[in-house]
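J.: From first to last, the protein sequence lines are chains A, B and C. Numbering-wise, the first sequence is residues 1 to 212 according to this note's numbering. Numbering-wise, the second sequence is residues 1 to 212 according to this note's numbering. Numbering-wise, the third sequence is residues 1 to 212 according to this note's numbering.
If you're looking for bench data, these hints aren't it; they were derived computationally from the structure. No experiment lies behind these values; they were computed from the predicted model shown. For every residue, glycine included, the Cβ atom is placed at its ideal position computed from N, Cα and C. Treat the hints loosely; a few may be bogus.
[Stated by the list, open to error] Partial pick of chain B residues on the chain C-facing surface, computed with a CB cut under 7 Å: (1) Ala40; (2) Phe41; (3) Ile69; (4) Pro72; (5) Leu75; (6) Ile176; (7) Asp179.
[Stated by the list, open to error] Label pairs and their calculated CB-CB ranges: (8) A/Ser189 to B/Ile176: 21 to 29 Å; (9) A/Glu149 to B/Ser189: 33 to 41 Å; (10) B/Trp16 to C/His175: 27 to 35 Å.
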Amino acid sequence: MQLPTNPATISLLGYWIGIAAVAACAAAAVLEVGRKQFDAFGVVVVAFAAALGGGTTRDLLLNRTVFWIADPTYLIAAALAGLGAFMLARRMPLPARLFLIPDAIGLALFTIIGTKLAMNMGTHWTVAALMGVITGVMGGILRDVLANEEPVIFSGELYATAAGAGALALIGLLHIETDPRWAAFWAGSLIFGLRLAAIRWHLSLPKFEARR
Amino acid sequence: MQLPTNPATISLLGYWIGIAAVAACAAAAVLEVGRKQFDAFGVVVVAFAAALGGGTTRDLLLNRTVFWIADPTYLIAAALAGLGAFMLARRMPLPARLFLIPDAIGLALFTIIGTKLAMNMGTHWTVAALMGVITGVMGGILRDVLANEEPVIFSGELYATAAGAGALALIGLLHIETDPRWAAFWAGSLIFGLRLAAIRWHLSLPKFEARR
Amino acid sequence: MQLPTNPATISLLGYWIGIAAVAACAAAAVLEVGRKQFDAFGVVVVAFAAALGGGTTRDLLLNRTVFWIADPTYLIAAALAGLGAFMLARRMPLPARLFLIPDAIGLALFTIIGTKLAMNMGTHWTVAALMGVITGVMGGILRDVLANEEPVIFSGELYATAAGAGALALIGLLHIETDPRWAAFWAGSLIFGLRLAAIRWHLSLPKFEARR
Chain A
1 MQLPTNPATI SLLGYWIGIA AVAACAAAAV LEVGRKQFDA FGVVVVAFAA
51 ALGGGTTRDL LLNRTVFWIA DPTYLIAAAL AGLGAFMLAR RMPLPARLFL
101 IPDAIGLALF TIIGTKLAMN MGTHWTVAAL MGVITGVMGG ILRDVLANEE
151 PVIFSGELYA TAAGAGALAL IGLLHIETDP RWAAFWAGSL IFGLRLAAIR
201 WHLSLPKFEA RR
Chain B
1 MQLPTNPATI SLLGYWIGIA AVAACAAAAV LEVGRKQFDA FGVVVVAFAA
51 ALGGGTTRDL LLNRTVFWIA DPTYLIAAAL AGLGAFMLAR RMPLPARLFL
101 IPDAIGLALF TIIGTKLAMN MGTHWTVAAL MGVITGVMGG ILRDVLANEE
151 PVIFSGELYA TAAGAGALAL IGLLHIETDP RWAAFWAGSL IFGLRLAAIR
201 WHLSLPKFEA RR
Chain C
1 MQLPTNPATI SLLGYWIGIA AVAACAAAAV LEVGRKQFDA FGVVVVAFAA
51 ALGGGTTRDL LLNRTVFWIA DPTYLIAAAL AGLGAFMLAR RMPLPARLFL
101 IPDAIGLALF TIIGTKLAMN MGTHWTVAAL MGVITGVMGG ILRDVLANEE
151 PVIFSGELYA TAAGAGALAL IGLLHIETDP RWAAFWAGSL IFGLRLAAIR
201 WHLSLPKFEA RR
C-alpha cells in the first residue's frame, strides 16, 4: 500500500476526515439521546458537547487556542450534522448502530491527533497518552453527563481502553523512529480494530465490585 | 427616547446592571434548588455556578482573565445574594416566579456582553453568537448538573433560543453599522421580550422524539 | 515543637506529602464509587477526577500551567493508587472509612496550597479563599457528578466549610505577618481538626428547606 506523499494532500485529506468525524460524532450523539425529550436547542448542545468536548478539554488543559475558535468549520459541521440527524430521526427510524463505524473512526482519529499535539508541545509521554484519550473520549462523557446518565464508557465495551492502547502504540512507534505517517496509520488502525472487535464480541474490562 | 451619551455614565450604569443581574441569578438559583436538602455551602456553590458559570466558561474558552478574578465584586454579589435568598426562604415562602423577570434581564444582558466581547476579539460570527449564548445559559446548565437534574433549558420554554436570536440580531445590526448602543439595546430587548412571551404563552421548540 | 528550617527540606517534604495526598484521594474515590459497576478505566477516570480535579480547576481559572502537566508524578501517583485500590478491593473488603484520615489531610493540604498560590499571584483575598476551597473540594464534586450522584459535600458533614475556615485563617494569619510556615501549619491543622470533629460528632451546616 502506498500512503500519499504530497504534504498538502495529506493535510487536506486529514482535515476533511477530521471534519467528517466531528459531524459523525454529533449525529451519533443526537440518536443516542433520542429517548430524552430534548428540544432542538438541547440537541445542538449535546451534539456540540459530544463532537467538540474532547478537543476543547485538551486545548484548555494544554493552554492552546480552542480548535473550533481558531477554525469555526468544526462548529458549523457539528451544528448541521446534529440538526440534520434531529430532523431525519423525527421522520424515519434511524438505528443508533448506523453511526458505530463513523464513531469508531472518530475515536481513532481524535486520539491520534490529541496524542501528537501533546507530544509536539513536549509533554511527558504519560501526559501525551492521557491527552490522546481525553481528546477521544471526553465528548462521550460530557454527552452523558448533560443527559444526566452514568457515562456508558465507564462500564460498556472497550472504548477508552482502545484509545489508550492506540495512544501508547503511537508513542512507542515514534520512539523507535517509525515514519510518523505509518505510526499514525497503525496506531489509528489498532484503535479502530479494537473498538470494532469489542462491539462484535462484547469485549470489556473486568468490572469493579468491591467486597464488603 | 434618549439614550445616555456620557461614556462614563453608560459604562457605570452597565457595570451596576451587570452586578445586579449576577445577584438576581444567584438568588433565583437558590430558590430553584429549594427542594434539595442542600446546606449553606451547597447553596453558595449552586449560586456561584448559576451566576458566574456562563461568563467563566466564556473567559476560559476565549483565554481571557476570568471576570470575577479581575473584579471580585461579582463574586461577592453572588455570595451575598445566594446567602440572602437562603436565609429569607427559610423564614417565608418566596415564589420561584419572583425572579423570572430579573433572570430574563440577566439572560439578555449576559448574552449581549458575551457576544460583544467575542466580536471585539475578532472571532468568526458563528463563534461570537455561540459565546453570547454560552454566557447567557451555561450558568443554568451548570446549576442543574450540580443538582443532578436534567438541565431544564433543554426541554422547557424558549431560553437559549431567545439568547441565540438576540446574539444573531446584535451581529446583524452591527454589520449594517447601527449605533452600537442602539444595537445592544434592541438585541437585548428582543431576548427579554422573547423570554417573557415564552413564559407567558408556553412557547417552546419542537421536542425530539426519535421514531423507532 | 520545632518546624524544619532548611528550605530544601521543607519543600521536599511538602512535595512528597502532596504526592501522598493525591494518591490517598484517588484510592478513597475508588472505594466510594464501589457500588457502581465501573470497569478499570472508569475507576481510573474517577480517581483522576477526585485527585487532580481541584488543582486542575484552580490552574485553569488562574491561567497557570496545569500542575500535573508540569510534573506528571501526580498523574502517575493517582493512576497507580486508583488501580491498586481497585485490585485490592476486589480481593478483600476495604472499609471506606480507611481513607477518611488521609482524605482529611489531603483536604487541608490542597486548600492551603491553593490559597497560597492565588495570594502569590496577587488576587483579592476573596478570590484567594475561593481558590483554596476549589482546590480542596472540587475533586469530590467532579467525582460525584461523574458517578451521577448528588455531590455529597453539598449535604453531608462539614467539608468545604472546614476548607473555607482554614483558607480565611491562613489569609488572616499572613495579614498579621505570622511566619508563613506557622500560618500554613495552624490553618492546615484547623481544617484537619474541624473535618475530623465533623466526622466524629456529625457536625453539619443548617440544611436548606424552603417554606412553601
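J.: Given a cut of 7 Å on the nearest C-beta pair, is the interface hint for B/Pro72 held or broken against chain C?
T.: 4 Å, holds
J.: Taking the closest Cβ pair, is B/Phe41 under 7 Å from chain C?
T.: 5 Å, holds
J.: Starting from the hint 33 to 41 Å, judge whether the C-beta atoms of A/Glu149 and B/Ser189 obey it.
T.: 38 Å, holds
J.: Identify whether the interface hint at B/Ile69 stands, where standing means a beta carbon of chain C within less than 7 Å of its own.
T.: 5 Å, holds
J.: Using 7 Å as the Cβ threshold, decide whether B/Ile176 counts as touching chain C.
T.: This interface hint is violated because 36 Å lies over the 7 Å limit.
J.: Take the shortest C-beta to C-beta distance between B/Ala40 and chain C; is it under 7 Å?
T.: 5 Å, holds
J.: Can you tell me whether the CB distance of B/Trp16 to C/His175 sits inside 27 to 35 Å?
T.: For B/Trp16 and C/His175 the Cβ distance comes to about 29 Å; the hint holds.
J.: Can you verify the interface hint for B/Asp179: is its Cβ closer than 7 Å to any Cβ in chain C?
T.: 35 Å, violated
J.: Verify the CB-CB distance for A/Ser189 and B/Ile176 against the hinted window 21 to 29 Å.
T.: 51 Å, violated
J.: Go through the hint on B/Leu75 and say holds or violated, using the shortest Cβ distance to chain C against 7 Å.
T.: 6 Å, holds
The structure is inconsistent with the numbered hints 6, 7 and 8, although it conforms to all the rest.
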